[in-house]
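Please build the complex by placing chain B on the supplied structure of chain A, with the hints as guidance.
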Amino acid sequence: AQSVTQLGSHVSVSEGALVLLRCNYSSSVPPYLFWYVQYPNQGLQLLLKYTSAATLVKGINGFEAEFKKSETSFHLTKPSAHMSDAAEYFCAVSLLVSGNTPLVFGKGTRLSVIA
Amino acid sequence: DAEITQSPRHKITETGRQVTLACHQTWNHNNMFWYRQDLGHGLRLIHYSYGVQDTNKGEVSDGYSVSRSNTEDLPLTLESAASSQTSVYFCASSEGQKGPTDTQYFGPGTRLTVL
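From first to last, the protein sequence lines are chains A and B. When you line the first sequence up against our numbering, it's residues 1 to 115, in that order. When you line the second sequence up against our numbering, it's residues 1 to 115, in that order.
Read the hints as simulated data drawn from the structure, not as lab findings. Check each hint, because a few of them may be wrong.
Within a straight-line C-alpha distance of at most 25 Å, the following computed SDA-like cross-link-like pairs (lysine to any residue) qualify [what the hints assert, rightly or not]:
1. A:LYS49 with B:GLU95
2. A:LYS69 with A:ILE114
3. A:LYS49 with B:GLU59
4. A:LYS107 with B:GLY58
5. B:LYS57 with B:THR26
6. A:LYS107 with B:THR26
7. A:LYS107 with B:ASP62
8. A:LYS58 with B:LYS57
9. A:LYS49 with B:ASP62
10. A:LYS69 with A:HIS82
11. A:LYS69 with B:TYR64
Each pair of labels, with its calculated beta carbon distance range [claimed, not checked]:
12. B:THR55 with A:SER52: 22 to 32 Å
13. B:SER67 with A:SER3: 21 to 31 Å
14. B:THR86 with A:GLU71: 11 to 21 Å
15. A:VAL29 with B:ILE12: 20 to 30 Å
Remember, it's a predicted structure, so these values are computed and weren't measured experimentally. We put the CB at the ideal spot given by N, CA and C, even for glycine.
Chain B extracted, bound-state conformation:
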């Protein structure tokens, strides 16, 4: 079955370290998204991509970067981890054919702790 996976599921790191969170989908979806979930803030969009070589900044992109070299993967990199980036990170994908009515499919999340 097609799916979307995230790795690692849990990560503990230290401030200042570079961290990369992986996201892989097997639906051949054009669109991919990264969100962070924090208590009291819901889900906030970090970066998104509408296809290979396309990336866009979301609401809370400072300190994060992404690159899209193939359809299946959108890794999220924290250039220099900060304690404020402790959060649960969700990756999502959507087909990209129906525009704003597309359903997004979410991965299981990565819990990141920055000490």
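The following block holds chain A by itself, in its conformation from the complex:
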């Protein structure tokens, strides 16, 4: 079965520093991969998704992620953190082969941004 592992339940960065949130996937078939963000007391919203069109995916709010098949990774990055980036981030995977397949979410990484 497919799954995702997010390394680090909590990441803390200084304002202006690089943000790197790690996600590794496990899938026997080529996956579709997603990053969602959850701001405090809100539901999740899509940041970006990999659909096999390009390995480097750009999302909203300056975030991007690179699909690396050899490393089974889909890490999320942002060059310069803003205070408004403080939130919980979820990596998720769905299968390529099946028609409508529910997402499988990682356990999440909470990002704190220090002034």
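Chain B in isolation, oriented as in the chain A frame:
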């Protein structure tokens, strides 16, 4: 604007009581999902539906049921609430036309406490 709403936003109940959480979307999406979010577990899928009269069990379906009588609504029922069901519940929907690349849109969540 189209949206997805959940009600109530907060609920306190007693063990053994039946509880129903409402989810309503106005996008005319085919797919709807219920998740629970718990610290250290991320989001876990409870039930999902790919259309009217269709329902499927997710990873943690025991003690929960759903029914889909129209496109807009997927109520979640806890048959006999247990303290282990204290959680934040999120409803989501997706168009259903793009298969595994569909974006899911999340409601604001319902915080349920079972005493």
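List of violated hint numbers, smallest to largest: Failing hints, ascending: 2, 6, 8, 9, 10, 11, 14 and 15.
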